[in-house]
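Novice: Okay, here's what each chain looks like letter by letter:
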Amino acid sequence: MEDFKKRSRKKGLPPGTLVYIGEKRGDGVRISVIDYDSETLREKEAVHVEECFPFKMEKSTTWINVDGLHKKEILECLGKNYDLHPLTLEDIMNTHQRPKVEDFGNYLYIVLKMIYLHPGDSTIITEQVSLILGENFVMTFQEREGDVFDPIRQRIKEGKGSVRKMHADYLAYCLIDSIVDNYFSILERYDEQIDNLEDQLLGVPANSLLNRIYAIKREVISLRKAVWPLREVVSLLERLETRLIEKKTRAYLRDIYDHAIQVVDTVDTYREIISGMHDLYLSNVSNRMNEIMKILTIIATIFIPITFIAGIYGMNFEFMPEIHWKLGYPVVWGIMITMAALMLAYFRKNDWL
Amino acid sequence: MEDFKKRSRKKGLPPGTLVYIGEKRGDGVRISVIDYDSETLREKEAVHVEECFPFKMEKSTTWINVDGLHKKEILECLGKNYDLHPLTLEDIMNTHQRPKVEDFGNYLYIVLKMIYLHPGDSTIITEQVSLILGENFVMTFQEREGDVFDPIRQRIKEGKGSVRKMHADYLAYCLIDSIVDNYFSILERYDEQIDNLEDQLLGVPANSLLNRIYAIKREVISLRKAVWPLREVVSLLERLETRLIEKKTRAYLRDIYDHAIQVVDTVDTYREIISGMHDLYLSNVSNRMNEIMKILTIIATIFIPITFIAGIYGMNFEFMPEIHWKLGYPVVWGIMITMAALMLAYFRKNDWL
Amino acid sequence: MEDFKKRSRKKGLPPGTLVYIGEKRGDGVRISVIDYDSETLREKEAVHVEECFPFKMEKSTTWINVDGLHKKEILECLGKNYDLHPLTLEDIMNTHQRPKVEDFGNYLYIVLKMIYLHPGDSTIITEQVSLILGENFVMTFQEREGDVFDPIRQRIKEGKGSVRKMHADYLAYCLIDSIVDNYFSILERYDEQIDNLEDQLLGVPANSLLNRIYAIKREVISLRKAVWPLREVVSLLERLETRLIEKKTRAYLRDIYDHAIQVVDTVDTYREIISGMHDLYLSNVSNRMNEIMKILTIIATIFIPITFIAGIYGMNFEFMPEIHWKLGYPVVWGIMITMAALMLAYFRKNDWL
Amino acid sequence: MEDFKKRSRKKGLPPGTLVYIGEKRGDGVRISVIDYDSETLREKEAVHVEECFPFKMEKSTTWINVDGLHKKEILECLGKNYDLHPLTLEDIMNTHQRPKVEDFGNYLYIVLKMIYLHPGDSTIITEQVSLILGENFVMTFQEREGDVFDPIRQRIKEGKGSVRKMHADYLAYCLIDSIVDNYFSILERYDEQIDNLEDQLLGVPANSLLNRIYAIKREVISLRKAVWPLREVVSLLERLETRLIEKKTRAYLRDIYDHAIQVVDTVDTYREIISGMHDLYLSNVSNRMNEIMKILTIIATIFIPITFIAGIYGMNFEFMPEIHWKLGYPVVWGIMITMAALMLAYFRKNDWL
Amino acid sequence: MEDFKKRSRKKGLPPGTLVYIGEKRGDGVRISVIDYDSETLREKEAVHVEECFPFKMEKSTTWINVDGLHKKEILECLGKNYDLHPLTLEDIMNTHQRPKVEDFGNYLYIVLKMIYLHPGDSTIITEQVSLILGENFVMTFQEREGDVFDPIRQRIKEGKGSVRKMHADYLAYCLIDSIVDNYFSILERYDEQIDNLEDQLLGVPANSLLNRIYAIKREVISLRKAVWPLREVVSLLERLETRLIEKKTRAYLRDIYDHAIQVVDTVDTYREIISGMHDLYLSNVSNRMNEIMKILTIIATIFIPITFIAGIYGMNFEFMPEIHWKLGYPVVWGIMITMAALMLAYFRKNDWL
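Residue numbers (our numbering), protein chains in the order written: chain A, 1 to 353; chain B, 1001 to 1353; chain C, 2001 to 2353; chain D, 3001 to 3353; chain E, 4001 to 4353.
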């Protein structure tokens, strides 16, 4: 569940006020810069914010990555130098944004949710990534260190693929593509869990299964909320009339669009399947209850009448003629067995046995 | 549930007839005026309606706030001076409006629901706010004193943020933003309640839980009804072709639009989660019933047959050979124990134990 | 449920054939005329159809109201004089129309459902009203006498409001507004019923409650079918490009549009609430069943085993050593009480008591 | 359920191959022709296909009706003479089409489902009707003899209505109108069945009711599938830019559109009502189960404990002091009656009695 | 469930990298070429990729079919010669595409799912088919040998139908039509299974039925996911502004569109029917449970009280006057029979018997 407590910290402040509402993750703010064109490549790690500015003047593509959003001075400094709108800065720090894209003329502001498995303990990590695409630069803002962009860094350094030959818009595409690609790992994980649950459902369903179905249902609802706006964002990005995205890159964006739709479709299918599993579970419980009731009823309806007969001849009346008959006892046994047999025949006729 | 009794008081009256259909909250009508530009600031509290009129002539931005809607003379007086359409006046007094925005050319009429926690007992208060945005003035009409606008008053007085440097449209933006921001406090509250309910659901669910789930379901349906039109309102406001909203302010409106969508999304997610909780509750009840039935069945199917055997040898027939056997008693015990053991083995085989 | 038997009477007849398919309500057909402009007012009750025609020539606004649709000669006569399309006449008589608006160039044809509480026994009455808006006249066709237009007649006669100063389109607006306003009385009624049902649900739900919930569900489905197209009708009316509606009146139509949306929203909310009540009812039934089963199980599992023990010592074997022990009887009591206590402890541990 | 076996016969054949996939209904193919204008009328029954061709040259309106689709030579012959596209011929023979309208320039091709009650045994008959509207001719293709067009034939022969004064497009309108009108008879039938089921539901619901509810649910799903595309078809027909439909006729098409929407609306309402009935049935079953359980529980919890007490004093211990008390027997009766009374009081307190 | 494990192999690779993510089906890659115009026909089986290139220069229509996608050299070679975009090549190898159509200017890229019954064991086979439509060539890429195109090959060879007279776009149409036509075989299969399940449901429903209903539900969800985008694809194809599709062919594409809608409609109907079957199953289980409970209750409530009476007179009190009455025994029998009769009368009154 989202954490609105942090969100409401901002209540009443003037728009454009920078308040970081996420958790403070890690200590410092780590800025790294990669500047490249098809021939040259410069890379700087853990720099001061001022070291980024010289790159702005040059024609080469600059990628500035900021890990950690809790120091507003750094954002303000970047904002002033790169001419960012105050609302953009506010949104970067407000990590409960819905995925969206906004065109500010001189740059595009894109918010996405990066969802990936923690490399160590493979829990699911959800983090907001803000991406700013300008004329010859891309800025990415993340809540903490660790991301899904390493393969892209690798490609830039090694000059693999066409990233070095293209411009900032293609870099932005690569980054978004990488985020969307990671959704498939998450889907794969759910895939396994659902298969697993289904296998258990077809066996004897334990009570705990119900809570597990509920838990996964809940997670898929959350995932859906993060993923649903993606379609719209990528579609808008593809159709946007802006000089910041070259025609050549649009074909690639269409490709992401296809992936985004596939993710959304799959999540919707999961919802339907999980809801079907819940129904199946309930039906199984119902069936088992039915079977239990059947056994109880069979036992009870066979023995209750004959126990009654035994009770009759357990009475202590002085004048009970049957008691003194020589064949009384075996006759009563005969009656009892006949009654039980009739009952069993009735059950068999009704398909209960 | 809305109170249509009040609504139907108006039935049959000519349009434009002013009838206040809300509860009469508080006694008097309290008018306050703040007039400012980037340099000057005048503030008047609890004024007569006529005292507002001189501000109209001036270029500075005037914010007239009216608390209490039950005196129609005051509305009529304002309406005449500020050239408001009779339908606008009627709508201001009719506090069961759906959130909407209407363009009357010389002014925009905006209706919103202000939802906030009472600072004292933190109950949820829902109040209709009518907002009129004119050339150089903003009017707000509230049902009673107490609102969510204090931080904005503060900002105007202290000159914080850019509100003093901007015009009436920016003030209107600030007011709407402040209303929408408060929805997040309400969502936060529901967030807590839902988490709370979930914890209880995973333990032993009490019967009262059902009523609580129903109550929160009901509240979320109401909330949704208030919040759903918001999206449309803000979207319309952003796209409206009117000279009353400057281009600079539109970027801010887009920001509110994002928030509005987020609120609507979250409310929809809540509905889904609550409905899932209801299902989980029912499934839990079903499971417990199943378990209870199992125990009953185990006990009954073990003891009913052996009680029958005891009944047999309680019969008083004269000629029952077993009665006189020396080993009769222990043999019967043996038969009983064997039967019980067989039953238990059967249950274990069927995974009932 | 609608009465399609009447509808199918028309099957196979050529289009434009006038067949009244409603119930024949009341005896005669009653025509009344009100003709007015800002200065003069003429009113005629129970006139012959020919008496309406002279008004057509004059510039003043004429309102012709027809109660009773079963005489096709009258309709044909009006149709010829006011140049109405044969399909319009057919639709007026076919009282199972869906609410709609049609632009025939020289007039607009509007069909609405008038729903109101019978003033006497306050049952819900649904009646089709056909409204024809021409250059300087409005015609209304109702199935029987009695309607919701009396306040408008009053206003015209007394010159209250602006109706006398405006033209035929404003009169049409007033009539539609009056119909839509009456929906709120119906909603108010359902509001009460739903509140009432909810109170009963939270107490001990009687079986009859189920049928009442079903009945109200059914009524709301019907209401929804009548109300749903309203939105579209009013929206179309507002946007229609026709010289028959003046610009001044459109603002008023927008007002009806808001009301129509509110009605539709409320009906939808009712559906959701009623469906929630049904679920709550079922869950309550389930809960009570659970409790009943618990009591049965507790009683049975405590007494069945100890009754068995009593049965053992009721057996008549000759050689039962315990029988002759001095402490046999109290020891057996001790065993029984211990067993019952263990059972109770088990139930308490499982939160059943 | 549709019969896809026939459909798949066509698999792999080149498009335009004529294969009749419906049942062969009746023996021969029966062609009848009516040719008329406002003055003349010629009618031919059971003609050879070649006899139709001369009419093509004349200005009068020709209606060619073909009953039976299994002879492809006849279709090919008509296709060649009237210049029909191969796909049209293929679609005419493929009787599993979805209702649709296609504009081939020189003619419109319209597919509809004719649903009517068999005049004899009043079963529901569903048949595909293909309608081709050309410049001065209308062709209708039916699967077998018997249709809903007799009143139109009558009208043409007797010159009733305006059909003789209008052209081919008006004839097409009449035919479609007649098909749509017949849907109301079907709806009427369901109306009765639903009312009937509801009456039974409010009484003691038999088990067979469930299967009947399911059966009608199934039929309504099928009906909906046939009726749903109708709306689109008629709407398209009305808006189509083609010289084949005169402006005068379009008003009539709008009328059919209203009927089509009404049919679709009603079918949707039926679905909702039937689904509500299913819920009501289940709730009733649940309620009855509850009542049965209550009775079982009351009987069992009253008698099990006192039977235990009787069992106690049925034991044969030598040393049971109570046995020898003079008042033992009446005191035990007193204890039993007290226990039963307490139980009954408890049940009454919990509203079980 | 789709296999995302393979999908995630691609994560982090630059776009345009060719990685085959499907199963490696079969060993080699088999390329076959058919080149034809209305007069000539050349056919080559199992050729080297280079042998395809000469056909490119000629005006005749060339169909290149590739079975097996795991050798990226072949794709790269084809891509270079036919000027295919890197993303197209990537998509061909990524066999988890959603059906789509993309216009690359000089060619159209179409992805479809081919679903057909394996001719041997009639399991359902789902395979991705990529289709490239160029100026005078069509390329098809399949995952493995075996497809639904044999009838088309036949038609080309024998010159049946118009395929030899038309161009590449008509060939593409034939291929798509053949894929869509095969969906009907699958639907036919589900049709049978659903009819089968329904018959069983109306009899005594076995527990295993539930799992079968779930299994078919699950399959239909998957089928729907494959079929749903089809509508969009074919619709886009029909409306696409490209010189690659001639006007004559568009009429045929409209025909596929009708089929696609029919498939989607039918799948949706299946979903609704299966969901109805699940409900029916549950209701049947509920009904049977009810019946079982009734029998248990009848037996128990009749015998428990009279067994109690028998217990009373089994007590061993010394002073029990009834014991010594001459008529004691028959009177007790009378009481017992009366009680049982009253119970039975009560049950009959409540319609339980």
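These are computed hints drawn from the structure, not numbers from a lab. None of these values were measured; they are calculated from a predicted model. Backbone N, C-alpha and C define an ideal beta-carbon position, used for all residues, glycine too. A couple of the hints might just be wrong.
Stated by the list, open to error - Between beta-carbon pairs, the in silico distance windows are:
| hint | chain 1 | residue 1 | chain 2 | residue 2 | range |
| --- | --- | --- | --- | --- | --- |
| 1 | C | 2215 | D | 3330 | 28 to 34 angstroms |
| 2 | B | 1348 | C | 2341 | 24 to 30 angstroms |
| 3 | B | 1239 | A | 39 | 56 to 62 angstroms |
| 4 | D | 3059 | E | 4045 | 58 to 64 angstroms |
| 5 | B | 1083 | C | 2157 | 46 to 52 angstroms |
| 6 | E | 4077 | A | 47 | 42 to 48 angstroms |
| 7 | D | 3250 | B | 1250 | 54 to 60 angstroms |
Novice: Against this structure, judge whether each hint is valid.
Specialist: Taking the hints in turn, this is what the structure says about them:
1. 2215/C - 3330/D: 28 to 34 angstroms: The hinted range 28 to 34 angstroms is violated for residue 2215/C and residue 3330/D, with Cβ atoms some 55 angstroms apart.
2. 1348/B - 2341/C: 24 to 30 angstroms: 26 angstroms Cβ-Cβ, so the 24 to 30 angstroms window holds.
3. 1239/B - 39/A: 56 to 62 angstroms: For residue 39/A against residue 1239/B, whose Cβ atoms are near 46 angstroms apart, the range 56 to 62 angstroms is violated.
4. 3059/D - 4045/E: 58 to 64 angstroms: Given range 58 to 64 angstroms: holds, Cβ gap about 60 angstroms.
5. 1083/B - 2157/C: 46 to 52 angstroms: violated, 31 angstroms
6. 4077/E - 47/A: 42 to 48 angstroms: holds, 46 angstroms
7. 3250/D - 1250/B: 54 to 60 angstroms: The hinted range 54 to 60 angstroms is violated for residue 3250/D and residue 1250/B, with Cβ atoms some 43 angstroms apart.
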